[in-house]
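*Asks:* Residue numbers (this note's numbering), protein chains in the order written: chain A, 1 to 142; chain B, 1001 to 1526; chain C, 2001 to 2267.
Rather than coming from a laboratory, the hints here were simulated on the basis of the structure.
There could be a bad hint or two in this list.
As the list claims (entries may be wrong) - To give an idea of the chain C side of the interface with chain B (calculated C-beta under 7 Å), a few residues:
no., residue
1, GLU2026
2, PRO2186
3, PRO2219
Stated by the list, open to error - As a list, the in silico DSS-like pairs of lysine-lysine whose alpha-carbon atoms are at most 27 Å apart:
no., chain 1, residue 1, chain 2, residue 2
4, B, LYS1332, A, LYS101
5, B, LYS1233, B, LYS1265
6, A, LYS101, B, LYS1233
To be verified - Computed Cβ-Cβ distance ranges for the label pairs, DEER-style:
no., chain 1, residue 1, chain 2, residue 2, range
7, B, ALA1464, C, SER2086, 51 to 57 Å
8, A, HIS102, B, GLU1204, 48 to 54 Å
9, B, GLU1348, A, ASN9, 28 to 34 Å
10, B, PRO1414, A, ARG34, 50 to 56 Å
11, A, HIS102, B, PRO1414, 42 to 48 Å
Remember, it's a predicted structure, so these values are computed and weren't measured experimentally.
Where a beta carbon is used, it is the ideal one built from N, C-alpha and C, also for glycine.
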Amino acid sequence: MAENGSEMNYRLVPSTCVYCGTGCGVLLEVTGDRLSGTLPQKDHPVSKGALCIKGWSVHEFVYSERRLTKPMVRSGEVLVETDWEAALAAVADGLSAARDKHGPDSVGFFASARCTNEENYLLQKLARAVVGTNNVDHCARL
Amino acid sequence: MTNSIAELEDAKVILIVGSNTTEQHPIIGERILAAARKGAKLIVIDPRAIHLSGFAEVFLRPRPGSEVAYLNGLINVIISEGLEDSEFIAARTEGFEELKQAVAEYTPQKVEEISGIPAEDLVAAARIYAGSERASIVYCMGITQHSTGTDNVLSLANLAMLTGNVGKPGTGVNPLRGQNNVQGACDVGGLPNVYTGYQRVDSEEVAKKFEAAWGVEGLSRQPGLTLTEMMDKAARGELKALFIMGENPMVSDPDLGHVREALDKLEFLAVADIMENETLELSHVVLPAASFAEKDGTITNTERRVQRIRKAVEPVGDSRPDWEIVCALARKMGASGFDFTSPEEVFEEIRKVTPSYAGITYKRLGTQGLQWPVPDEDHPGTPILHAESFPIGKGKFTPCEFREPAEMPDAEYPLLLTTGRLLFHYHTGTMTRRSPSLVREIDRAFVEVNPADAAELGIGDGEAVKVSSRRGSVEVNAKVTDKVGKGVIFMPFHFAEAAANVLTNSALDPVSKIPEFKVCSARIET
Amino acid sequence: MSDLKSIVREKLRDGADAFLCLKNEEGTVLPALITDADSPDLELVEVGDSRYPLGKILIDLLREYPDKRFAVLVRGCDERALVELSKLEQVDLERLVLVGVACSAEEAAACGCLRPYPSDIALGEKVEAAPGREVIDEVESLSDAERMAWWREQFSRCIKCYGCRNICPMCFCKDCALEEPHLVEPGVIPPDFPSFHIIRALDMTGRCIDCGLCEEACPAGIPLRSLYRKMQDIMEDKLEYRAGESAEERSPLSFLGSEQDIEKLEE
Ligand code: SF4
Chain A
1 MAENGSEMNY RLVPSTCVYC GTGCGVLLEV TGDRLSGTLP QKDHPVSKGA
51 LCIKGWSVHE FVYSERRLTK PMVRSGEVLV ETDWEAALAA VADGLSAARD
101 KHGPDSVGFF ASARCTNEEN YLLQKLARAV VGTNNVDHCA RL
Chain B
1001 MTNSIAELED AKVILIVGSN TTEQHPIIGE RILAAARKGA KLIVIDPRAI
1051 HLSGFAEVFL RPRPGSEVAY LNGLINVIIS EGLEDSEFIA ARTEGFEELK
1101 QAVAEYTPQK VEEISGIPAE DLVAAARIYA GSERASIVYC MGITQHSTGT
1151 DNVLSLANLA MLTGNVGKPG TGVNPLRGQN NVQGACDVGG LPNVYTGYQR
1201 VDSEEVAKKF EAAWGVEGLS RQPGLTLTEM MDKAARGELK ALFIMGENPM
1251 VSDPDLGHVR EALDKLEFLA VADIMENETL ELSHVVLPAA SFAEKDGTIT
1301 NTERRVQRIR KAVEPVGDSR PDWEIVCALA RKMGASGFDF TSPEEVFEEI
1351 RKVTPSYAGI TYKRLGTQGL QWPVPDEDHP GTPILHAESF PIGKGKFTPC
1401 EFREPAEMPD AEYPLLLTTG RLLFHYHTGT MTRRSPSLVR EIDRAFVEVN
1451 PADAAELGIG DGEAVKVSSR RGSVEVNAKV TDKVGKGVIF MPFHFAEAAA
1501 NVLTNSALDP VSKIPEFKVC SARIET
Chain C
2001 MSDLKSIVRE KLRDGADAFL CLKNEEGTVL PALITDADSP DLELVEVGDS
2051 RYPLGKILID LLREYPDKRF AVLVRGCDER ALVELSKLEQ VDLERLVLVG
2101 VACSAEEAAA CGCLRPYPSD IALGEKVEAA PGREVIDEVE SLSDAERMAW
2151 WREQFSRCIK CYGCRNICPM CFCKDCALEE PHLVEPGVIP PDFPSFHIIR
2201 ALDMTGRCID CGLCEEACPA GIPLRSLYRK MQDIMEDKLE YRAGESAEER
2251 SPLSFLGSEQ DIEKLEE
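Whole structure, please, built from the sequences with the hints as guidance.
*Replies:* Shown next as C-alpha cells:
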C-alpha cells in the first residue's frame, strides 16, 4: 500500500519477453516505482495477445534476493563489496596486464545471447578495437 | 529463420525435427497446432515423444545421432519415387546428380538398421513432405548440437531444395534460436570470425572499413577462438584473462569438470551478471548488471525481427546496464569511441556499419519491430529470405555421409544420454528458478528412463539413481516413461545441483564448433 | 477522440484523482492511468480496439491507493466486471466513477456478448447484437460421448500458461485451486484432463461476465468463452441469475457467506 499522499503512478511499458527466441510482446506493469506484473501486448505481430507461462511471469525474478547489487572484488577466498570505480579499475588492470604480458590473444570475451544487440556490439568492439583480439563468442551454440 | 513465424499457419505440411517446440518455443508450438487445425499435416522426428508428436500424422523416433542417415533416407525415397521438384532443381540449384548418388545407399531398410525408424514410416513421411505444395521445416538444437551438426543442417537444406520448398510463404528451413537474443548476438558481431552483419574479420576490405569507422588501426585479421576453444586454451594455461558478460558457463557448458579446471587456471576472470550464479565463485571481479526491465535496447528474435525492450524501472541496488558497464570499462582502458549516452546512440552506430540493419531506427521499430535485412529507411523489412535467389547464386546441394556420434554406448556405458529444456525453465535457471510461478511447477532435475530399461536395471519410478558418464556423475530421481525409447535416457540441463552438463561430451562439430550435447554414452545405477 | 479527452479533463476536475482509460502509444493501444490534466498522455487517449482487464487493474489500484477516487472508461463488459467485483467485495463502487462507452455494431457482432453497452452511455451509440452461439450449437449437436472427446481434443492443446486466469477480471483469489498439487499435477502439460479446466469452469459459474478476454489470451485457441457462457446460460435458466447484470441482486452461490469470510476461514 502506498504512503498517504504519495504520487500515484501506474504505467504499462511495452517490451519483449526475454525467455526464448520467439520474442513475444509484453507490457510490463509498473505500480508506484516497482514492477508489479506482466500483461500480453494485444497487437504484437508474433504473439498476438498470448504468452506462455514464462512470459506471464517474466517480471518475477527482477526483485529476487539473488540479484547482484554491488560490485565485488576478490580478496583471498572471498568476494568483498566495493565501488564501481575500484571494480572497473580492477577489470581494466586485469585485462591490460594479460594483453601487455602475453599478447591480445591471451584475452577472451564471452558476449551473451541474453544481452541486447547494443551491449553485444559494444563488447565485441571492446575486444577488437581496444584489446585487439577476435576472441569473442557467446553461447549461441549451447 | 528464412521465413516468418506467422507464416507457419499457412504451411500445408510442417516437418518438426529436433525441436520440442511446445517446451522451448511455446508460442511457436501453438502456431504449429493452429496450422494443424487448419488442415496442415505434421511430421515429427524426435528421440522423445513430445507434445507435438501427439498431433502428428507421422511420428518418427530415431536414435539420437542418426540424423544424417534418416535425412538421406527421406531424400532417397523422394528421388526413387520421382517426387522431387525437377523444375526448381533445374532453375535454382546445382549438384543434384552428386546428391542422388550419395543418398543411393540410404534405402529405408538401411536407415531402419541405423536409426531404428521403421522403413514404412520413413517412406510415409517422405511422401507427405514431398507431396505438398508448401512444406516448412522447423528445427532446433536436436539437429545442431551434434558432432555432425553442420551435416545435419546441410541435409535439411538438401531436403528443402529437392522439393522446391524455399523462398515461398509457408516453406523454408527454419532454425528456432534457443535463447532470446542468439540471433542478435550473432548479427552484431558476437562471434570470433565476423564483425556485424556477418562481415568477415579475415577480409582486408572489411577490416579497413571497421578501422575507418572506429578510428583505430591494426584490427586483427586472424579469426578468434570459439567459446569451447577458449575453454580448452584456458585449460592449457594459454588464455590468461576472460571477461564474461551475462553467461554462466559453470552450468551451461559441456563437461563441467573441464570448465572448472579451465576457469581455475585463468590469471584473471571478470563477470558481469544480474544474478548470483555458479561461475562467480571462480571470478576475481563481479559487476552487478541491470535486468531487461531496467534498461533500453533491442533484441532480435528467431525470425530476424529486431524489437525493443524498454526501461520500466530503475536498476536494483548499484547495478548498471551492461552497455554502460562496457563503455565505462573501455574508457577506463583509455579507449575513445565509447562515449555513448544511450542505447539508441549505440544502435545508430550499429546501423552505420551493418548493411542489413541500415534502415532500422528506434522510431521505426515502435511496438512491432522490423525483420532484417532492412537496407534503407523506406524498406519495409524482409519476412522471407531467398525469395529470388540464394546469396551465392544457385542453391548448392551438399551430399553428406552418415558418421556415428563421437561417443557410442558400450559395455561400460550402455545407455545413450540426450539433454534438453523444459517448458517451465530457461537455460541455467538463474532467472526462472527465482520466479515463484515457475518454481511451483517444477524445481527438480530428473532422468527419463524407458520402462524396459528400468525393469532391467531394477529402477522404480521416482527412485533416486546415479547417472554417470566418462566425465562425471550426478544424482537425480528417475522418471520411468515411454516418452524415451529403449536404450535412451533424457535429462533437462537447467538444474545446477544435478547438472546434466557434468555428463555431456564436449566433442565438437568440426565446422560449427557446436558441442555434442545431444548424445553421449552413460550408465545408471541405483 | 476529442470527446474522451474532455471527459477525462472534466472528471479529473470534478473530484476523481485519476482516470483509468486506454491510450494509443506508437500504434499500440494499452491501459493508461491519467493523474493530471496536463499529462502528455491526455493527447493519446482513445477508446481503442484492444481490451484489457481494467477491473482487475482497479482491484490493485484501489488497494494500493486507499484514499483515492478513480474514474474509469467502461465498455459493457468492464461495467459488468466492476458490478460483480463489488458484490464480491473486491472493488468499492463508491470510489469509482464509470464513464460508459458503447461498442460499435462491428465490435458487438464480432464479440457476441449479450449486452455490448454499459448502463450509462457517454460515448458511442447503443447497438444490440445477436449472441454468439456457434460453438455451443456445434457441441450441442454431438452425442454425450462425442462431446467429451471434443473437449478432450480442445484441452489437449493447453500448455498451462494460466493466461485465461491471469487476464480474467473476475479471478482474484490469492490461493488458486489450479495451483493445488493434489488437484492438478504441477509441471505437466497438457494439464490433467479434465480437472484443470473443470475447476476453472466451476469457479466461473455465476461469476463470468462474458468479456472473452480468456479466449483472446489463449495461445491454443481453446473456446473457453463458450464453455463459460454455457455455464452462465444454465445458471440463468435454473437459478435466474446472470453475473454482472444487477448491482443489487446477489449470486445464488453466495449462500456460503462472503468471499472474504471464506478466505479468512482458509487462513
Ligand atoms: S512468452 Fe513464452 S514463447 Fe513467448 S518469448 Fe516468452 S518464453 Fe518465449
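*Asks:* Does each hint fit the structure? Answer for all of them.
*Replies:* Hint check:
| no. | hint | result |
| --- | --- | --- |
| 1 | GLU2026 | holds (4 Å) |
| 2 | PRO2186 | holds (5 Å) |
| 3 | PRO2219 | holds (4 Å) |
| 4 | B:LYS1332 to A:LYS101 | holds (19 Å) |
| 5 | B:LYS1233 to B:LYS1265 | holds (10 Å) |
| 6 | A:LYS101 to B:LYS1233 | holds (17 Å) |
| 7 | B:ALA1464 to C:SER2086: 51 to 57 Å | holds (52 Å) |
| 8 | A:HIS102 to B:GLU1204: 48 to 54 Å | violated (26 Å) |
| 9 | B:GLU1348 to A:ASN9: 28 to 34 Å | holds (31 Å) |
| 10 | B:PRO1414 to A:ARG34: 50 to 56 Å | holds (53 Å) |
| 11 | A:HIS102 to B:PRO1414: 42 to 48 Å | holds (45 Å) |
Checked against the numbered hints given earlier, this structure breaks only hint 8.
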